[in-house]
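Starting from the known structure of chain A, fit chains B, C and D onto it as the hints suggest.
Each chain is listed here by its residues.
There are 4 protein chains.
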Amino acid sequence: MLRIGVIGYGYWGPNIVRNFGFAEGARVTAICDRNPSSLARARKNYPGLKVTEESRDITASPEIDVVTVITPVSTHYGIAKEALENGKHVFVEKPFTSTVAEAEELIELAEKKNLRIMVDHTFLFTSAVRKIREIIDGNVLGDLYYYDSTRVNLGLFQHDVNVIWDLAPHDFSIMDYLIRLKPLAVAATGRAHINSREDIAYIMVYFERNVIAHINVNWLSPVKLRTTLIGGERKMLVWNDVNADEKIKVYDRGVEITSSEGIYNLLVNYRSGDMWAPKVDQNEALRTETQYFIECVRDGKTPFNDGQAGLRVVRMLEACDESVKNNGKMVEI
Amino acid sequence: MLRIGVIGYGYWGPNIVRNFGFAEGARVTAICDRNPSSLARARKNYPGLKVTEESRDITASPEIDVVTVITPVSTHYGIAKEALENGKHVFVEKPFTSTVAEAEELIELAEKKNLRIMVDHTFLFTSAVRKIREIIDGNVLGDLYYYDSTRVNLGLFQHDVNVIWDLAPHDFSIMDYLIRLKPLAVAATGRAHINSREDIAYIMVYFERNVIAHINVNWLSPVKLRTTLIGGERKMLVWNDVNADEKIKVYDRGVEITSSEGIYNLLVNYRSGDMWAPKVDQNEALRTETQYFIECVRDGKTPFNDGQAGLRVVRMLEACDESVKNNGKMVEI
Amino acid sequence: MLRIGVIGYGYWGPNIVRNFGFAEGARVTAICDRNPSSLARARKNYPGLKVTEESRDITASPEIDVVTVITPVSTHYGIAKEALENGKHVFVEKPFTSTVAEAEELIELAEKKNLRIMVDHTFLFTSAVRKIREIIDGNVLGDLYYYDSTRVNLGLFQHDVNVIWDLAPHDFSIMDYLIRLKPLAVAATGRAHINSREDIAYIMVYFERNVIAHINVNWLSPVKLRTTLIGGERKMLVWNDVNADEKIKVYDRGVEITSSEGIYNLLVNYRSGDMWAPKVDQNEALRTETQYFIECVRDGKTPFNDGQAGLRVVRMLEACDESVKNNGKMVEI
Amino acid sequence: MLRIGVIGYGYWGPNIVRNFGFAEGARVTAICDRNPSSLARARKNYPGLKVTEESRDITASPEIDVVTVITPVSTHYGIAKEALENGKHVFVEKPFTSTVAEAEELIELAEKKNLRIMVDHTFLFTSAVRKIREIIDGNVLGDLYYYDSTRVNLGLFQHDVNVIWDLAPHDFSIMDYLIRLKPLAVAATGRAHINSREDIAYIMVYFERNVIAHINVNWLSPVKLRTTLIGGERKMLVWNDVNADEKIKVYDRGVEITSSEGIYNLLVNYRSGDMWAPKVDQNEALRTETQYFIECVRDGKTPFNDGQAGLRVVRMLEACDESVKNNGKMVEI
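Protein chains in written order, with our numbering: chain A, 1 to 333; chain B, 1 to 333; chain C, 1 to 333; chain D, 1 to 333.
Bound conformation, chain A alone:
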């Protein structure tokens, strides 16, 4: 029975506690938060657990096997390092770290100590993303043309990061999981209207094989949109994550070139066929993810959303920062 210590009991922490609580082979034994009201809440919700304001009480405790780091991103590195040094496996909220260098150091440390790192890219455990991967792996879409994500809503402004670091990690990790092509370069533009952090940003990602991705993240949208278009040679897919039903639609639509004797004689035909919406189960992704992590730790397996996966996302974020600072200049990865 793995003993889990949870550091951070703000917005997301309670979900972590609840889901590790359900996981077989594990139980949460301690909760830490620096905020007294969060701590009081933890105490009321879980009378039996140890609560503390000091992260060290968890990272250094001999009665903890796994440390989950659900704190602001600027603190991830410090807490995770402390945990690894004390021989704990770590489960870290996304984005993994504030810099590529921090991520690389933590990965190295975990390898040396033979410990597991898992970065909480929860979307990779949703039925929708799993189904899309199945569709792509089955070559239903054919060669990919583009990936276009709109992820906008009103708030939540984060004090320590901009909208790219807040929302784009979802897209970077999902693309990493789905597309599996090497990103070559990034170009990002952002604008800050409310304070000095960008609240709107547009990101281009250039992949191998002429595949292009575009990410629209925005904290100032009056409506919540979570729409991804994936265009392929054979079929095209729309993933609308705010739909309760019919999240994924696969369109038998596309373009066919029937003749190409020079560009002006090109015959371009549009194929406009049926649409198909596969059933998407309504599991709770975080439950699947926490159970999977327990198994990885228990069996010594490397999770697919490990430190390396987290590092790939941080690398994209760092490149975005550089591009934003340089007015949207293309930055190689």
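Worth double-checking, as some hints may not be accurate.
No copy is singled out in the list; a pair is fine if it fits within one copy or between any two copies.
Unchecked claim - Taking lysine-lysine pairs in the DSS-like style, the calculated list, with each CA pair at most 27 Å apart, reads:
hint, residue 1, residue 2
1, 249, 131
2, 301, 113
3, 50, 279
4, 81, 301
5, 131, 50
6, 182, 131
7, 329, 182
8, 182, 301
9, 113, 44
Hints were generated in silico from the structure; no laboratory data involved.
Leaving out everything else, chains B, C and D in the frame of chain A:
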């Protein structure tokens, strides 16, 4: 009674003929198309009209007062010039011309001859765009933050232009009409998947006062989207042009900064209030537009969508071309 | 070349003229309307045609082969009878007649004279209804459970009929075409709020084999709804006719009884699978229908939407009238 | 501190336990369920509470002040009676009882003993229903014309009741709360396809002042619909409860009669104006409701959703039963 000659009877030409036919104070007297089957169609639909394969039969006819140019963009300059030189007013399909230089020359020629030019930016005559302008003019939205347009569908590939020249003129003319701020620079990225013309493009426009615009145009989308978000300090607006009802929604949503003693003490509050969908009449924009042009010609008035308006759009398109060729480099206007 | 005379040039008449105009093997030669402004409009739109205020100028003309009756329902019988007596084929707007007796008399007269009657149930020529019939014929849905139609909007109040006679003929003719079971009884409830004609009504139709249909028609709805659910043993279908795309969705959803040792041990399982939206072409139904009628007249074929089909609908309407008058009493067909 | 005993820990019971747990002035002290696996689940979720298979351990316990009855409807009467006889206040799941007689007896018993009864009509505590009541009370809609509810989905078949008893109590209680007119009669039609219980039903309710209501309940719909139209003389309202945002839309649409010299000279004008979607808070209705019940018990107040409210709903259900048995005959209330 103004006598209208229509050059070009392909996809859009029949609408032009029909609407100038309805306009008071005008009648269509001749139709020209180089394509024999288009010409045969014109002959069948309008038995009484003169039809011809030769544009000169129209531009040089003493029995024509107004020439409408509904042909591929590369031919606009030549036909319009011929018409102006023969003393005809011209109504030109968007985009006005292929280059800034062509547009400037036509404008100068029309001024010298005291003739009217009107560029067919039909959207500016829709009830939806008129209502949004009314909302912006009433300062309902407050200071603008951003303008974000998604204009995607499957096809229609044009042989002589890319997706930017095909779809973005709508957005450029609408922004020109609604925002009325000076665009400072453009950055555009495009990709060609089917032939050598870009079929997907993302365009950033940088305006005065930190206002940013983003335009997503795509010929490879399985679904037709026509959605524009306009974010303002006070309220935010969503214009969904594919909705039959409720095309425009104004959200009493926004962000309020209630304290700002340094960035970390900033208190950002979200305002989430009612939504309001003003009634949008279902007029036919092209009918309004053609009638308006007849009045401009008759009364010697300069239409607001004149050659200068057309030129401003072409200037944006040229800048996009340069940016696309330079991997999304920011290009000043 | 069949010569068509159109009687009635109000709301629907111009569509009839235009579509018979396109039809091969026919041409419209005369238009009649009692309303001087409608007549003036006809004269302006079609300068070459004969126009008249007198229906007899059409029904009795030796230069007319087919009379189309696009007038208020109360006049259908008189005009159609006159036309048949003069040896003309007739195309009659829905509903066919005001009474069953009138319909039966017209059918008998046409048979005696070997003339064709076609009732304009346009929906039967839409791609959507054709596709649903194909699905039902392919036994995709399995045995039918129910048919549930919502057909509501704001207005148009008709002066001479109530909401049932205005809107329900669509549903009755569509059900007649799709379900092909014998209706056994009808029960209808209506309420009149604005004048003495019912503006809201709910209709139950009881078919053989325990199949039930429900029709909700309403002139006082703020939104336009055109939604039909068809529940079957195997699959279920939703037809949303106000959707531009994805009008028809077929759901692999249903109920399976896996055991039935007495009612309390019944194991009811829900099957919740994929959804499939077949492509529905965007043809103009009326063009297909008018062409089909020309062929029926030319070839001496009985159209499937003949007088008998029109009579079956009128029989349902009469039964509804009786039920409404008797507070929703069930009325046998 | 009121001590709550919860009888029934199946589908809805855990929500009751959780929400009474949050309520101030109360705590849950015991849980009862006859099903061993439900009981085991209660034991695991709430280690500190007393659990039992015997309802009498709760209804007769001197350590319980309030009994909540979250069991199948056929058992409500027996358990509630036992609780009232032992001096406990009762909170009963909807529908209140299986018969009018049972409800009347419980009400009388509670009055004699000065105890509170509250029937769990949760919808009356949602922000949506509260907002609609505010709109109706503000006379925004004017005189009501009709109330039309569609409440359909796939499953859940109940073993002991039909679809009317399962779903229509929501509509009956909501109408009772919103319309506040006396229902005069009911007519209901149902069909059973899967077993002997009706799985589809259509219900008409006739109110004073010519107001009509219609309820469509269906366990065999492939899609979940929760749409209510309320038509009034001045404005019209659509409540779509499956929408996350914009649940309520108020349309400035209606009909105006501008002249009425006899029915054929009636001038009916359609008013088609703006739409307004008031903000609807996302509270948890059950939390509001449980807190309200605690206050009623503490302060000796009669809740508005008391036994009488529950009785009014049961009376409608009984009338539906009678109507269904008599082929949709109108049954007076």
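Tested hints:
| no. | hint | verdict |
| --- | --- | --- |
| 1 | 249 x 131 | both (11 Å within a copy, 20 Å between copies) |
| 2 | 301 x 113 | within (14 Å within a copy, 65 Å between copies) |
| 3 | 50 x 279 | neither (42 Å within a copy, 41 Å between copies) |
| 4 | 81 x 301 | within (20 Å within a copy, 58 Å between copies) |
| 5 | 131 x 50 | neither (39 Å within a copy, 43 Å between copies) |
| 6 | 182 x 131 | within (22 Å within a copy, 44 Å between copies) |
| 7 | 329 x 182 | both (19 Å within a copy, 23 Å between copies) |
| 8 | 182 x 301 | within (24 Å within a copy, 58 Å between copies) |
| 9 | 113 x 44 | neither (36 Å within a copy, 36 Å between copies) |
The structure fails to meet hints 3, 5, 9 from the earlier list, while all remaining hints are met.
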